[in-house]
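**Student:** Residue numbers (our numbering), protein chains in the order written: chain A, 15 to 388; chain B, 8 to 265.
Fair warning: there could be bad hints in the mix.
What the hints assert, rightly or not - Here are some, though not all, of the chain A residues that point toward chain B, as calculated from beta-carbon distances under 10 Å:
| no. | residue |
| --- | --- |
| 1 | MET256 |
| 2 | ASN259 |
| 3 | PHE272 |
Simulated from the structure, these hints should not be mistaken for lab results. This structure is a prediction, so every number in the text was calculated from the model and none was measured. We put the beta carbon where it would ideally sit given N, CA and C, even for glycine.
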Amino acid sequence: MSVRLCFEPFKLHLLKGLQQSARIPADEKIRMADKKKMSVADMLAAARKADGDGASSAEVDPAAEEVALPPAAAEKSAAAANPSAASPAKTASGGRPSVAEMLAAARGGGAGNAPAAVPAEKKATAPKPAAKPAAAEKVVAAPPTERDNASILTAARKTSKAGPMSKAEAAAKEKADPVAKEKPKVIVPPMPEKPAYALPKPVAVAKPKADSDESRRNFLSIGFWSLGLVSFLWTMASLKFMFPNVRREPPSKFKVGFPDAFPPGQVQTKFIPQYGVWVANAEYNGVQQIYALKSVCTHLGCTPNWLEAEQKFKCPCHGSGFYKDGINFEGPAPRPLERYAIRIADDGQVEIDKSRTFQEEMGQWEDATSFIPV
Amino acid sequence: MPSPGDTIRESQIWKSIFRHPMPVDRRNRIVVMLTNFFLHLHPVSIKKQGIALSYTWCMGGVTFFLFLVETVTGVLLMFYYRPTVEWAYTDIQMLRDVHSLGILREIHRWAAHAMVITVWLHMYRVFLTGSYKPPREFNWVIGVFLLLLTLLLSFTGYLLPWDQLAVWAITVGSNMARATPFLGHEGPGQQLLTLGGVDMITNASDARFALLGAREVGEETLNRFYILHCIAIPLGVALLLAIHFWRVRKDGGISGPL
């Protein structure tokens with residue numbers, strides 16, 4: 015276990031961290047648990063594997079088989095666990111030591127090493143499920159008083175385990191006593207040839223998986239595209255929702271009365287509250303005309319006042335002043351007031367259209383729709 | 008020459024938003040989930056039974072979806088609704104023909120009905136599967152408060168169309184608050200709360216008044232219910248929802264068969 019841990023501290027750390035924040039599938043957890051359980055026997059098996067003995071790999075404990083230990087480290091650990099058993103075994107057979115070799119090593123190594131060697135041997139010939147190697151060791155190592163060779167051999171060969179026998183145990187028993195299990199040979203007549211309907215269909219195995227992958231992909235594709243389409247339509251509809259079918263503001267075109275309601279020299283201010291427009295009848299460039307001035311100061315957009323006594327438009331915000339015809343003459347305003355489109359409607363009334371404006375500095379006041387000649 | 012997709016994925020803008028490569032292997036699938044605000048609401052992996060509809064009914068998920076529908080449609084409706092006696096009724100009527108997408112109002116209403124149903128079914132499922140048991144007992148309590156807030160959302164929203172049905176439904180509904188123990192002016196124990204012989208709980212200082220903002224359903228009630236419906240209660244729901252979902256994760260994930 016300690017060998018394993020020192021090789022993969024980072025991976026374990028990462029797994030631990032993920033385990034806390036996320037969840038790890040159960041099979042992975044079990045695998046982690048398996049890795050931690052490495053008994054002395056497992057280490058021995060791993061060491062043997064590292065020595066390059068391919069023939070014995072089938073008998074090696076599955077837990078040990080997973081681990082690919084570098085030979086040096088494995089040998090070291092094996093030697094540390096069982097110094098006397100490891101090296102003589104190698105020299106005797108070049109591979110996995112036999113029972114006799116192990117016992118000889120145990121005998122030579124002294125009383126203290128014997129229990130460690132025997133369980134290792136037992137595990138190699140009859141591997142147990144990885145979860146309980148400790149139980150197997152206990153069966154053999156339990157009587158500490160029996161130290162002579164005969165009793166150790168008896169203990170090793172003893173099959174006193176009660177209950178059902180595992181497959182591995184059965185195989186080991188059969189190996190030990192092959193004659194008893196010899197079965198009489200049975201001569202079987204050949205089977206009749208299978209009809210076509212009973213033959214296995216070769217393509218049927220591979221296809222369903224590809225099909226299910228394909229249909230899943232199609233399903234998801236259709237799903238996400240429709241989701242996107244619906245979202246798009248809703249976004250567009252919501253955008254349209256921001257523009258109601260009916261507006262509740264004054265129309266941009268409106269009539270203000272007949273032309274004779276605007277006598278020469280007058281600035282009509284009564285449309286300011288509702289429409290924000292002055293209608294004046296005055297001279298511009300020596301021509302008498304009726305025009306509609308937009309009541310927005312060209313400086314910063316305040317509403318100027320018409321001062322009848324001073325005959326000028328005066329902005330209360332920053333003091334811009336405009337003559338009666340809308341030309342700026344004082345204050346910060348950079349250009350004249352703007353005009354709205356104006357005309358005589360079919361019924362003879364003056365009609366103002368606020369959707370069009372005319373700027374003097376751009377010569378637009380020459381436009382015929384920007385005034386009504388008187 | 009790199010493809011346009013690669014150019015986009017290699018750009019600093021893309022990388023500043025998405026910190027990790029495409030989730031094509033297990034590690035990147037995990038980190039992509041963990042580092043995305045919206046995805047991290049879901050666990051990286053769940054038990055297979057966690058998506059068994061026959062067990063969970065997905066009623067909590069459907070309720071949350073309906074809450075989102077209510078939020079989106081509600082925000083859009085607020086653009087054209089004025090909570091005043093003068094305009095409330097006509098604004099709702101105008102949704103039918105003056106504005107496109109007038110169906111928003113119907114969606115808002117039907118989703119509200121559906122949400123009350125699904126939240127009950129969610130509670131019913133949790134009860135049937137015993138998912139209220141430890142360690143989830145506190146989440147059950149939060150769920151009960153969420154149920155209460157859902158019903159209050161329905162109740163306050165009911166007044167906003169300001170038609171006869173709405174006004175009288177709230178009149179009848181709020182009359183129950185008259186009988187609140189101690190705090191309702193017709194409730195038991197009300198006469199015990201006096202100060203120097205003067206009743207502290209009257210029809211102008213009891214629980215019903217706090218709810219309506221007046222002694223009868225009127226302009227103040229409309230404004231009060233509007234604020235409760237659009238801001239106060241949804242804020243409370245959002246907070247409790249966050250805790251509710253968080254506790255689902257912390258208390259062992261979505262419940263499944265044992």
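**Student:** State the violated hints by number, sorted upward, taking the hints as numbered earlier in the document.
**Tutor:** 3
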